Amino acid sequence: MSLVELLAAALLLLSALVVVRASNAVHAALALIANFLVIAAVYVGLEARFVAMTQVIVYAGAIVVLFLFVIMLLSAAQANVGKDLLPGLQVPAILGSAALAGVLIYALSRFSAPANPGVLNGGLPQALGPLLYGPEKWLYALLLVGFLLLVATIAAVVLVEPERIVPEARKPAAEEKELVER
Amino acid sequence: MQETVLLPLIILLPLLGFAVLGLWGRRLPEPVPGVVASALVLGSLLLGLVLLGQGGARWAVEDWIPGVPLSFVLDNLSGLMVMVVAGVGFLIHVYAIGYMHSDPGFSRFFSYFNLFIAAMLVLVLGDSLPVVFIGWEGVGLASYLLIGFWYTERVNADSARKAFIVNRIGDLGFLLGMGVLWAHFGTLSISELRELIAPEGEFAVGINVAAVSLAAFLLFIGAIGKSAQVPLMVWLPDAMAGPTPVSALIHAATMVTAGVYLLCRNSFLYFDLPDVSFWVVLIGMLTALYGALCAFGQTDIKRIVAYSTLSQLGYMFVAAGVGAYWVAMFHVLTHAFFKALLFMSSGAVIHALGGEQDVRKMGGMWNYLPQTRIHGLVGALALGGLPLLSGFWSKDAILAASYEYSALLWFVMLITAALTALYSMRWFVLVFMGKYRGHEHPHESPAVMTWPNHVLTLGSLFAGFVGLPYVVQSENLLEPWLNKAIVHHEHEKLPVLDEWALILVSAVVALGALYYGYRFFQAEAAGRLPAWFTRFQEASLRSFYADDVYNALLVRPLKSLAKILFDADGGLLGGFWWLGSATGNLGALLARLETGYLRFYAAGLLIAAVLLVLVGVIR
Amino acid sequence: MSWLVVSALLFTIGAYGVLSRRTAILVFLSIELMLNAANLALIAFARQWGSLDAQVVTLFVIAIAAAEVAVGLGLIVAIFRRRETTGVDELRGLRG
Amino acid sequence: MDALLHVGLFLPLLAGIALLIWPSLGRRLAVAASGVTFLIAAWLFARASGEAYTFQALLLEPIQMYYALRLDGVGLVLWLAVALTTLLAVFIAKVPTRMLGWALLMESGLLGIFAADDLILFYVFFEATLIPSLLMLGLYGGRERLKAAYTFALFTLAGSLPMLAALFAVRYLGGAPSFLYSDLAAHPVSGSVADWVFLGFLVAFAVKTPLFPLHAWLPSFHAENHPSGLADAMGTLYKVGLFAFFKWAIPLAPEGFAQFQGLLLVVAAFSAIYAAWLAFAAKDWKRLLAYGGVSHMGLGALGLFSGNAEGVTGALFLLAASMVYTGGLFLVVGRIAERTETLEIGPVRGIAKSAPALSVLTMFLVMAMIGLPGLSGFPGEFMALLGAWKISPWLTFIAFTAVIAAAAYALTAYQALFQEEQNRVVSDLTPREWAFAVAIVAGVVLAGVYPKMFTQMIHPLSEALAKLLGGGA
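Chains as they are written, first to last, in full-length UniProt numbering: chain P, 1 to 182; chain D, 1 to 619; chain E, 1 to 96; chain U, 1 to 473.
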């Protein structure tokens with residue numbers, strides 16, 4: 001691992017810690033942007049250039065900005081609101097996270113890469129395109145995801161739409177009297 | 001023996017009467033239903049006689065239910081019964097036209113009566129056990145309907161129900177007996193069974209004697225129920241709740257003898273089974289004695305006769321048990337005459353007294369009822385065994401047969417015969433002798449009631465002569481004729497001297513007891529009885545507490561257990577509901593884990609993730 | 001290989017954030033962090049195997065994350081309108 | 001012939017739907033539809049030649065499920081019984097018109113149960129019939145109807161789930177290529193699988209037989225249903241357990257049946273005597289008839305589980321016969337309840353005086369129920385006894401003490417209502433009721449006097465089953 005890489009890793013972990021510990025939500029969101037940008041850089045180093053671009057544009061550019069908007073909109077910059085109803089969770093949270101880290105790293109340590117990996121071609125769009133749009137691979141998944149985005153858009157609009165006044169429900173019609181025959 | 005469709009017609013005639021009278025009888029004016037019903041029974045009788053004269057008949061539908069035919073046979077045995085059932089039945093039908101006069105249920109009565117005749121003919125003519133069973137239950141139904149004929153009185157309805165239920169106990173025995181025969185012989189046709197079990201007057205080689213014994217015993221239980229033998233005798237006295245012609249026809253002359261007929265018809269099961277036959281003898285003997293003892297205390301004119309019926313049925317069972325099947329049938333025949341006569345004389349007396357049945361309020365009828373007094377006298381003497389009357393000959397035959405079986409049995413039966421003579425005189429004296437103790441204005445019955453009694457009187461006087469002992473007539477009419485249809489062992493005839501001695505002894509005992517009874521019970525009529533006898537009568541009146549014992553030991557415990565179980569069954573459903581709510585409670589318990597804290601769930605997720613990874617890695 | 005370790009640590013930190021943060025928005029931020037950790041792992045694996053498929057999947061994750069954020073933030077806004085709070089602990093109407 | 005089969009099967013369904021939509025069509029439509037159905041059943045019965053009427057069409061290709069009908073002798077007899085009882089029920093019961101529609105829907109389901117030759121199709125009919133039955137109880141029942149409906153639904157569904165599992169197990173573990181009866185029967189499951197499969201079927205069918213202790217839903221089901229007896233009569237028809245054992249459970253897992261046979265015989269015998277005993281303590285007519293029905297089905301089950309030809313024939317005959325007379329009794333009790341405004345035994349007495357024909361009709365049906373020879377109750381009971389005795393005399397003895405108890409409870413209740421001192425004047429049979437009486441009496445007497453007509457249809461199939469079980473004829 002090169003020095004740059006070590007630096008990047010350190011930055012990642014540091015910014016992540018800021019995200020989860022910062023008392024100001026705006027700071028946390030900004031730290032997340034920093035984190036995402038560093039990850040994008042790492043992606044470039046890992047021969048995933050198109051993904052890196054997407055990461056910058058979609059994640060750092062759109063998503064986190066959306067977060068910032070919402071924080072502003074709700075005036076929710078203050079992170080520690082109200083009373084902590086589960087004060088006892090702090091210690092288990094740390095222990096549990098540590099345990100998770102432990103088992104994950106242990107799991108990774110037992111894993112070995114194949115001897116001769118394939119070629120990534122730098123993860124450029126030319127390489128990804130045929131895969132993404134090839135009907136034999138991911139095309140249908142892509143269409144589905146597109147549809148999902150559409151649905152999510154509509155859902156978001158519906159969710160934040162101001163409440164309408166619902167007209168009073170119709171009273172059920174008087175129960176039909178049934179004929180009793182002899 | 002011919003195949004003819006006329007045979008079921010014998011049954012269909014009264015059945016037709018049942019249907020027609022049941023549906024439209026109420027629209028007919030009074031005597032018409034009775035006349036129609038009587039005519040149909042007469043038709044059956046004549047048809048039966050014609051067919052019998054042509055040497056019998058049979059008719060069958062194969063595989064009526066799989067493996068079981070619907071078959072009828074008219075041979076000498078069933079022929080005799082047809083004569084008794086349709087013949088005596090016809091007389092009683094005619095009698096009932098007078099007796100049931102102006103009853104609102106007149107047509108209903110004759111409809112039921114015809115149903116009874118039809119069912120009884122099915123029973124008698126059936127050549128496969130299930131067909132016999134149809135008749136068997138059919139007569140039970142008719143008996144139930146007729147005992148409860150005046151159903152608005154609770155006691156009548158109760159008696160009817162009791163008769164049906166007690167009979168059903170016996171019927172279960174019949175059913176299970178058929179089960180045994182079916183399982184071991186694969187057929188229920190009587191003639192086929194006879195071929196399989198006793199082809200040549202002997203049990204077939206290699207036959208399963210235990211199975212035959214069991215079947216015979218179970219069928220015998222059926223006979224016990226139908227013929228009101230100990231211990232299922234409790235229904236018969238109560239059955240007197242029905243109109244008197246019913247008691248005469250069903251509970252004296254025909255239906256109750258069905259048990260005896262069953263034993264004779266299936267004698268191929270019993271004749272070679274000393275164990276089972278011993279039980280038949282024992283039950284018959286106990287019943288004969290018990291019935292006779294109970295008759296002494298009764299105050300109801302019909303119940304006296306009813307207990308005498310019990311006792312006489314016991315005689316018939318003894319005869320069947322000792323292997324003298326023709327003698328049993330002989331007694332069925334003579335008993336039908338004199339017992340029907342006794343009942344119908346009782347009916348005439350009841351009729352004369354406007355419905356009074358208590359003998360303590362009778363007496364002196366000799367002066368009021370010039371025809372019925374003869375009927376009553378002949379009936380009582382025949383029952384009591386006055387020499388030369390029909391009852392004497394058949395009873396003597398039974399005594400002779402039991403003497404061959406065992407001297408002790410003979411002695412008990414002789415004592416019973418003496419008791420019979422005594423209580424028959426008690427009946428006669430209390431009803432006809434002395435001074436009238438009631439307040440009605442007795443009047444003789446109309447001709448439609450007396451003429452049948454005339455015929456029965458002739459029967460009671462002379463029917464015995466068809467079955468004379470061999471010392472009197474070397475070959476009597478009945479024995480060889482019946483034995484063509486019965487499987488039995490030939491008995492050594494008693495020496496002539498012994499036979500004469502037995503006849504003499506029973507004649508002397510009967511005469512003596514009749515005379516002593518005649519004297520003794522004039523004291524009762526006058527209300528002067530020894531104290532010990534009064535105490536005995538009290539116990540006898542309550543039939544030695546048989547009903548109380550049954551109620552305490554069986555009926556009440558079963559009823560209360562039914563109540564307990566009924567509630568417990570509701571609890572069973574409650575149990576299922578409990579199971580349901582227990583599941584619900586468990587769910588509620590688990591639901592407490594759902595705290596509603598998002599982060600609590602997240603912590604759960606985290607732990608689960610750790611564990612999953614651990615499992616994945618370690619595996 | 002080492003990036004995988006970094007990814008695991010990032011994931012753990014995100015998980016810690018989910019557990020310790022009390023406002024919905026910050027919990028959501030932590031979830032994004034975890035998603036990215038997963039993405040990083042995918043890219044690292046793609047590199048090691050030389051498989052572009054993993055990169056495609058990463059693209060999908062990003063797209064779906066966008067959809068998720070849109071809906072999730074919409075929910076947060078809608079809830080805030082009604083309950084005047086974004087505290088996750090206060091929203092516990094669904095409890096046993 | 002095919003067309004008639006489908007018409008018979010679906011005509012009641014269509015008529016029922018029409019009645020639910022347009023109740024003004026009235027009872028005429030219900031009577032006409034069920035009447036035509038009965039005529040079709042009778043026509044098919046009369047024309048039966050020993051070959052079954054069959055029809056097959058592939059319905060769901062991926063799982064090889066067929067729309068397969070097969071109406072053999074047993075099916076025809078049961079069709080006749082169901083069609084007759086439904087006709088009588090919609091003819092006589094005084095109920096809201098829509099209820100007649102539900103009854104017709106039930107009829108279609110029941111006919112389907114007896115005609116289905118594909119296990120999935122059978123399951124569909126078996127479960128679909130539950131819906132109208134539940135709705136009739138829930139919509140038109142008495143005060144506690146919802147609890148009764150819950151109970152009924154829970155018992156039925158709890159039974160159906162294991163059956164669903166068994167249904168898939170029997171095909172896929174048995175290796176049959178489809179759900180057709182012929183395929184499944186050609187590939188019976190064996191070993192412990194057979195045990196589990198049979199157990200699955202057992203639970204479902206024991207609820208519907210019903211056998212102790214799964215009969216617990218029945219008394220409240222009947223007690224809470226509409227007093228007219230329509231729903232009770234239809235519910236009686238729905239007690240198809242014995243048929244289902246005969247057609248599906250036993251042939252598809254004969255080894256499983258052999259494992260459970262002893263236990264089943266004991267349970268059947270116990271059901272018979274236990275329920276008869278309870279009926280004696282029942283205080284209202286519907287519970288009495290409910291327990292009486294359980295008792296009879298216990299006797300039938302004893303015959304069926306004895307596994308020999310006469311026992312099986314007896315069980316199926318008893319099933320068909322009891323549908324008619326028990327259903328008829330429920331309807332008659334409904335008519336009586338309408339006159340006296342109570343179902344309780346006791347308060348009203350002596351009504352035979354004012355309604356003699358009604359009392360005779362009731363007596364007649366009661367006698368049929370307690371198995372009087374010459375009426376339809378007897379041949380079935382008797383054959384069941386003959387079959388069961390071969391297997392276990394003691395159990396037979398115990399179970400058939402129920403016939404004594406039957407006389408006791410039935411006549412006691414009859415006496416209480418019709419006899420003794422009259423304290424109520426009621427009207428006698430109306431012309432409509434006379435027509436009902438004539439029809440049911442004719443049916444009951446025909447089956448009692450000439451059972452051959454029906455047993456000759458049933459017996460060959462029973463013999464086949466007995467042969468399969470190794471018993472022979």
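No wet-lab data here; the hints were simulated from the structure.
Bear in mind the structure is a predicted one, so any value in this text is a computation, not a measurement.
Incorrect hints may have been included.
Going by beta-carbon spacing under 8 Å, a handful of chain D positions derived as facing chain U [claimed, not checked]:
#, residue
1, I65
2, I134
3, G138
4, R161
5, L572
Derived DEER-like restraints, expressed as beta-carbon distance ranges [said to hold, decoys possible]:
#, chain 1, residue 1, chain 2, residue 2, range
6, D, E200, U, L39, 50 to 58 Å
7, U, S427, D, W577, 38 to 46 Å
8, E, E84, D, L572, 52 to 60 Å
9, U, I398, D, L590, 41 to 49 Å
10, U, G191, D, E200, 52 to 60 Å
For every residue, glycine included, the Cβ atom is placed at its ideal position computed from N, Cα and C.
Hint check:
Because the beta carbon of I65 of chain D sits about 5 Å from the nearest beta carbon in chain U, less than 8 Å, this interface hint is met. Because the smallest distance between the Cβ of I134 of chain D and any Cβ of chain U comes to about 4 Å, under 8 Å, the interface hint for this residue holds. Because the beta carbon of G138 of chain D sits about 6 Å from the nearest beta carbon in chain U, less than 8 Å, this interface hint is met. Proximity of R161 of chain D to chain U holds as hinted, the smallest CB-CB distance being about 5 Å (cut-off 8 Å).
At about 5 Å, the closest approach between the beta carbon of L572 of chain D and any beta carbon in chain U falls short of 8 Å, and the interface hint on this residue holds. Between E200 of chain D and L39 of chain U the CB atoms are about 56 Å apart, so this pair conforms to the stated range of 50 to 58 Å. Between S427 of chain U and W577 of chain D the CB atoms are about 41 Å apart, so this pair conforms to the stated range of 38 to 46 Å. Checked against the hint of 52 to 60 Å, the pair E84 of chain E and L572 of chain D passes, with Cβ atoms roughly 55 Å apart.
For I398 of chain U and L590 of chain D, the hinted distance range of 41 to 49 Å is satisfied, since their beta carbons lie about 45 Å from each other. Between G191 of chain U and E200 of chain D the beta carbon distance is about 53 Å. The supplied range of 52 to 60 Å therefore holds.
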